[in-house]
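> Can you make the complete structure from the sequences, with help from the hints?
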Amino acid sequence: MMHILEQDAALTAGTKPWQPYLAAALGFRNHWYPACYSQELAEGQARGEQLLGERILLKRIDGEVYAVQDRCLHRGVAFSVRPECHSKHTISCWYHGFTYDLRDGSLVAVITDPESALVGKLQLRTYPVREAKGLVFVFVGDGPPPELRLDLQPGFLDSDLAIHPNGERQLVRSNWRLAAENGFDAAHIYIHRHSPLIVEQQRPLPLATILSSREGMVVAEEGQPKGVVKGSGARTPVWEVEIEGVKVRSRFLPREGVRRTSPDTSMWLPCGLKVDPFPTEGIIQFEWYVPVDEHSHTYFVTWGKRVASDREAAAFSREIEDHWKDLVVDKFNADDVVAREAMERFYAEEDGWRRERLYRPDLIITEWRKLASAHNRGIQRRAAV
Amino acid sequence: MMHILEQDAALTAGTKPWQPYLAAALGFRNHWYPACYSQELAEGQARGEQLLGERILLKRIDGEVYAVQDRCLHRGVAFSVRPECHSKHTISCWYHGFTYDLRDGSLVAVITDPESALVGKLQLRTYPVREAKGLVFVFVGDGPPPELRLDLQPGFLDSDLAIHPNGERQLVRSNWRLAAENGFDAAHIYIHRHSPLIVEQQRPLPLATILSSREGMVVAEEGQPKGVVKGSGARTPVWEVEIEGVKVRSRFLPREGVRRTSPDTSMWLPCGLKVDPFPTEGIIQFEWYVPVDEHSHTYFVTWGKRVASDREAAAFSREIEDHWKDLVVDKFNADDVVAREAMERFYAEEDGWRRERLYRPDLIITEWRKLASAHNRGIQRRAAV
Amino acid sequence: MMHILEQDAALTAGTKPWQPYLAAALGFRNHWYPACYSQELAEGQARGEQLLGERILLKRIDGEVYAVQDRCLHRGVAFSVRPECHSKHTISCWYHGFTYDLRDGSLVAVITDPESALVGKLQLRTYPVREAKGLVFVFVGDGPPPELRLDLQPGFLDSDLAIHPNGERQLVRSNWRLAAENGFDAAHIYIHRHSPLIVEQQRPLPLATILSSREGMVVAEEGQPKGVVKGSGARTPVWEVEIEGVKVRSRFLPREGVRRTSPDTSMWLPCGLKVDPFPTEGIIQFEWYVPVDEHSHTYFVTWGKRVASDREAAAFSREIEDHWKDLVVDKFNADDVVAREAMERFYAEEDGWRRERLYRPDLIITEWRKLASAHNRGIQRRAAV
Numbered sequence: 021m022m023h024i025l026e027q028d029a030a031l032t033a034g035t036k037p038w039q040p041y042l043a044a045a046l047g048f049r050n051h052w053y054p055a056c057y058s059q060e061l062a063e064g065q066a067r068g069e070q071l072l073g074e075r076i077l078l079k080r081i082d083g084e085v086y087a088v089q090d091r092c093l094h095r096g097v098a099f100s101v102r103p104e105c106h107s108k109h110t111i112s113c114w115y116h117g118f119t120y121d122l123r124d125g126s127l128v129a130v131i132t133d134p135e136s137a138l139v140g141k142l143q144l145r146t147y148p149v150r151e152a153k154g155l156v157f158v159f160v161g162d163g164p165p166p167e168l169r170l171d172l173q174p175g176f177l178d179s180d181l182a183i184h185p186n187g188e189r190q191l192v193r194s195n196w197r198l199a200a201e202n203g204f205d206a207a208h209i210y211i212h213r214h215s216p217l218i219v220e221q222q223r224p225l226p227l228a229t230i231l232s233s234r235e236g237m238v239v240a241e242e243g244q245p246k247g248v249v250k251g252s253g254a255r256t257p258v259w260e261v262e263i264e265g266v267k268v269r270s271r272f273l274p275r276e277g278v279r280r281t282s283p284d285t286s287m288w289l290p291c292g293l294k295v296d297p298f299p300t301e302g303i304i305q306f307e308w309y310v311p312v313d314e315h316s317h318t319y320f321v322t323w324g325k326r327v328a329s330d331r332e333a334a335a336f337s338r339e340i341e342d343h344w345k346d347l348v349v350d351k352f353n354a355d356d357v358v359a360r361e362a363m364e365r366f367y368a369e370e371d372g373w374r375r376e377r378l379y380r381p382d383l384i385i386t387e388w389r390k391l392a393s394a395h396n397r398g399i400q401r402r403a404a405v
Numbered sequence: 021m022m023h024i025l026e027q028d029a030a031l032t033a034g035t036k037p038w039q040p041y042l043a044a045a046l047g048f049r050n051h052w053y054p055a056c057y058s059q060e061l062a063e064g065q066a067r068g069e070q071l072l073g074e075r076i077l078l079k080r081i082d083g084e085v086y087a088v089q090d091r092c093l094h095r096g097v098a099f100s101v102r103p104e105c106h107s108k109h110t111i112s113c114w115y116h117g118f119t120y121d122l123r124d125g126s127l128v129a130v131i132t133d134p135e136s137a138l139v140g141k142l143q144l145r146t147y148p149v150r151e152a153k154g155l156v157f158v159f160v161g162d163g164p165p166p167e168l169r170l171d172l173q174p175g176f177l178d179s180d181l182a183i184h185p186n187g188e189r190q191l192v193r194s195n196w197r198l199a200a201e202n203g204f205d206a207a208h209i210y211i212h213r214h215s216p217l218i219v220e221q222q223r224p225l226p227l228a229t230i231l232s233s234r235e236g237m238v239v240a241e242e243g244q245p246k247g248v249v250k251g252s253g254a255r256t257p258v259w260e261v262e263i264e265g266v267k268v269r270s271r272f273l274p275r276e277g278v279r280r281t282s283p284d285t286s287m288w289l290p291c292g293l294k295v296d297p298f299p300t301e302g303i304i305q306f307e308w309y310v311p312v313d314e315h316s317h318t319y320f321v322t323w324g325k326r327v328a329s330d331r332e333a334a335a336f337s338r339e340i341e342d343h344w345k346d347l348v349v350d351k352f353n354a355d356d357v358v359a360r361e362a363m364e365r366f367y368a369e370e371d372g373w374r375r376e377r378l379y380r381p382d383l384i385i386t387e388w389r390k391l392a393s394a395h396n397r398g399i400q401r402r403a404a405v
Numbered sequence: 021m022m023h024i025l026e027q028d029a030a031l032t033a034g035t036k037p038w039q040p041y042l043a044a045a046l047g048f049r050n051h052w053y054p055a056c057y058s059q060e061l062a063e064g065q066a067r068g069e070q071l072l073g074e075r076i077l078l079k080r081i082d083g084e085v086y087a088v089q090d091r092c093l094h095r096g097v098a099f100s101v102r103p104e105c106h107s108k109h110t111i112s113c114w115y116h117g118f119t120y121d122l123r124d125g126s127l128v129a130v131i132t133d134p135e136s137a138l139v140g141k142l143q144l145r146t147y148p149v150r151e152a153k154g155l156v157f158v159f160v161g162d163g164p165p166p167e168l169r170l171d172l173q174p175g176f177l178d179s180d181l182a183i184h185p186n187g188e189r190q191l192v193r194s195n196w197r198l199a200a201e202n203g204f205d206a207a208h209i210y211i212h213r214h215s216p217l218i219v220e221q222q223r224p225l226p227l228a229t230i231l232s233s234r235e236g237m238v239v240a241e242e243g244q245p246k247g248v249v250k251g252s253g254a255r256t257p258v259w260e261v262e263i264e265g266v267k268v269r270s271r272f273l274p275r276e277g278v279r280r281t282s283p284d285t286s287m288w289l290p291c292g293l294k295v296d297p298f299p300t301e302g303i304i305q306f307e308w309y310v311p312v313d314e315h316s317h318t319y320f321v322t323w324g325k326r327v328a329s330d331r332e333a334a335a336f337s338r339e340i341e342d343h344w345k346d347l348v349v350d351k352f353n354a355d356d357v358v359a360r361e362a363m364e365r366f367y368a369e370e371d372g373w374r375r376e377r378l379y380r381p382d383l384i385i386t387e388w389r390k391l392a393s394a395h396n397r398g399i400q401r402r403a404a405v
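Chains as they are written, first to last, in the numbering used here: chain A, 21 to 405; chain B, 21 to 405; chain C, 21 to 405.
Do not take every clue at face value.
For chains that are exact copies, the list does not tell them apart, and a pair is met inside one copy or across any two.
[Unchecked claim] Listed below are the simulated DMTMM-like cross-link pairs for lysine to aspartate or glutamate, each with C-alpha atoms no more than 25 angstroms apart in a straight line:
| # | residue 1 | residue 2 |
| --- | --- | --- |
| 1 | 141 | 370 |
| 2 | 108 | 63 |
| 3 | 267 | 370 |
| 4 | 246 | 314 |
| 5 | 267 | 135 |
| 6 | 390 | 350 |
| 7 | 108 | 124 |
The hints are simulated quantities; they were obtained by calculation from the structure and are not laboratory data.
Here is the structure:
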């Protein structure tokens, strides 16, 4: 590996093969995003979420979730400040009683002016919603949405895959792209080497895994989710490095004769990660980095397992709650959150997107940037908000 | 009411009949504003307030209140950080002892340079002050001020009207215009329908009152305060609305044979509201929404009652303190504060002034905007600060 | 003193004889600045500091302190978030293990990609460091640095001067220039007249000392530190002033026959103050106002005394800790911090640099501004960060 990588050449030239990605501070438009967990929205309940800078109101009606803009057309207040539902299919603005049908966003009544000429003439923006596997997905875009499966990590919708309904979510103070690149980073496992999760498992985690070939990395078939996977190229684990005569090595080295499955990490448009298996054999970790605004994202983490019965699914959920959840979220992913927030100043204020100096393991990241640049369905702009 | 309102036409055309109002984020210049309650300023005491972006220092001398800019001409610190008065008529800057006469703002001494050539040559901006009915009013503007009564709610200065000296004030995080439009909004009573004040009184409060005619609404006689009142046009109370077959109705309906006085709400330049009667028969509520900066205002609320003696005035004050004050401020007006702050994002960041969709009851608000645009004495600009 | 001062003339003309100083919101480039106290950096320890907008990492190796930029070239995170040193001369980025030699900033290893082509090709910006008298000084600039002594208060490096190793430092929310002008202000002692330090000492502190002549004020010899001192011109102490018939006088007047040494205050490029003696005979106070960003600075305060032995030096340090430190820092300098922060709004938001009205005692400040404008080695710009 004596040659300079392609991205270094691009840096020198001052151009980038991922310009659209650089413009997507607010995320990609015309995609499906998780908005909340299903269990956060009981029958008849309404709640507000912000995705890609847009304020969105969700309400569950007869089991089905509907979404409209969470900003009354009249004076712009958010319905979710004081959600008020007088009838099954409506949301009424708590301020003047503008009442909209959640199904089509139409203004169906104005409590403070029952004969208003505006009734039937105004319409809230509506958002297509699909609920699947304990998550509520919203399509932030225009026109008819594509199939949900096209914007999901492959396998997520498989009927034998149980998804834990009580996943985690938190607001993280970094741009969503820094989160995606952190989660998908083939070399970032280095920050996790002291994690109690690794120590408990005595897991032989290499310092890094080097993927030096693009072979099979890009998954972009027509009619399928678009993503980047580790691929079929050679993977070289790094177990030990010498610095100034000092050896830095992985805490637990692979044991002879014990074959370990290295987890397969992949990143999918618009912002979903899959790590299979993780945190242990048979469990798949799913993450999403949903843009809230230019400087923060909602970090979703949940887990899946292939099961043969509801009883197995329930046992799996108990296992997550009792054993894995805190360990993964507080003792492992928390390091990733630190890393994302630590990058924010450089990228937001110090010209980081131009100044960064990528290296060989970032090949997987630049492949992701190029894939995202080529296959996204639009750039979200402030004007759309 | 089948036609679209005038303001909707204006929206379509992209112009507004209230452009000056849209420019008045910092308020209207050359008007009188309440700066504090009289009781907040004891004899000899000095305090700082910010109005329309300007930092103002008030001091009471021999009973009279004087106002100068609260920023030393030398290095710009606020006197009010550490108010320092060595003599009756002066304020000395706590930093270098620049000492100004409050009566004309002139630099009369410099403690740290007694022979300074600047003495007698520099002058702080002074502000005309009038004290009336327990409030200190300051004229923020240039040239000789008009009579105070021209910028007050009519009747406020009446000799038989006792004003409660211990009114409320708080900083609210919204532009002052959103506050004015909230306070004066004929339809916003909807948000108060669950207020403990309404419940206690079992008051038959309609969901809204519709004023569909401009008749008598605008009060703009030469030599008189300029304001908008409900007017003499038809008022239609809304008691019940049906949404999707569900009836939404006022909690207490009017009882046959019991005539209720509907309070008269009116809004006056530059930023004063009058609600008569409120919270009960015989009491008038006065409010002001004084711009602090583009995104906050000081919210003043006090009450008046016609009395025949000092004893009656004292009894009135006790009644306000013992019964009405907390009920009105914490259990009723607090809803208005929520509403104003909920509008701020839309108007400040999301092009709300252009995007808003007004409706029939907002006629009174657009009349206010037009009146304010036509009769204000100037737009406050940052450059004046 | 009937004529208007030079600076007033300049104000009238709208030009200033200190334009470069006005551009130096981030400080002067190509100078030495204190970064921390020596005792804050133990052998092998690394810590981050921000100076002039630049993030800097310091590490002590075999007693010597090295400094490099505190931002990994790879993805821009600060090393100091989680300082990680695997070997004596290196800092490794905690995120991906980019490992740099502190001595020249070169990338010597990448833990997560041992064969990286970038090794030996990338280099962190390094900063010259000198440690002296218990302080770590960093040169923020380009090219070979001048001698440290040229950027220090004269005498600071004298071999018989013991400097207290445990000085104070704090972040103050004002531009560094407001701090320099406060510390060096001949008239600002007025704010200290009620200080417990003054009261305890029953010190005859004048209200101000007027320096009305430039004679000997400017010290700008070739090959020497550049600064402004009180000079040899007449000094007129002000003990009493009359305001509107009220006498304002110093709390303790000078006693007949008792000769008091007036402390000599001087200000040196780039940002160092010297007060000799202070807080008492035989002790010299040193201060620095190191720019952090445009709106804050690190305020360093420490003390020196001429000693003949280590035992005397140790006794001096105990005296500072036991008696003077809290008294000076909490009961005296705290007033200066209030003053600096009180000026910030005027200078940062209200055009203070143009609007200020200086007076006779500010002669010493304008001499400082002119000296700094003439003798600085460069203006720090955001682009350099």
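> Now look at each hint and say whether the structure bears it out.
Hints, one by one, checked against the model:
Proximity of residue 141 to residue 370 under the C-alpha cut-off of 25 angstroms is restricted to the inter-copy arrangement: shortest distance 22 angstroms between copies versus 47 angstroms within a copy. When the C-alpha separation of residue 108 and residue 63 is checked against a cutoff of 25 angstroms, the pair qualifies only within one copy, where the shortest distance is 10 angstroms, while the shortest distance between copies is 61 angstroms. Proximity of residue 267 and residue 370 under a CA criterion of 25 angstroms is satisfied in neither setting, with 34 angstroms inside one chain copy and 56 angstroms between copies. Within a single copy, residue 246 and residue 314 get their C-alpha atoms as close as 23 angstroms, which meets the 25 angstroms cut-off; across copies the closest is 45 angstroms, which misses it.
Within a single copy, residue 267 and residue 135 get their C-alpha atoms only as close as 80 angstroms, which misses the 25 angstroms cut-off; across copies the closest is 15 angstroms, which meets it. For the homomeric pair residue 390 and residue 350, neither the shortest alpha-carbon distance inside one copy (32 angstroms) nor that between copies (56 angstroms) is at most 25 angstroms. Taking the closest pair of Cα atoms, residue 108 and residue 124 come within 25 angstroms of each other only inside a single copy of the chain (14 angstroms); across copies the shortest separation is 66 angstroms, beyond that limit.
Hint violations for this structure: numbers 3 and 6, all remaining hints satisfied.
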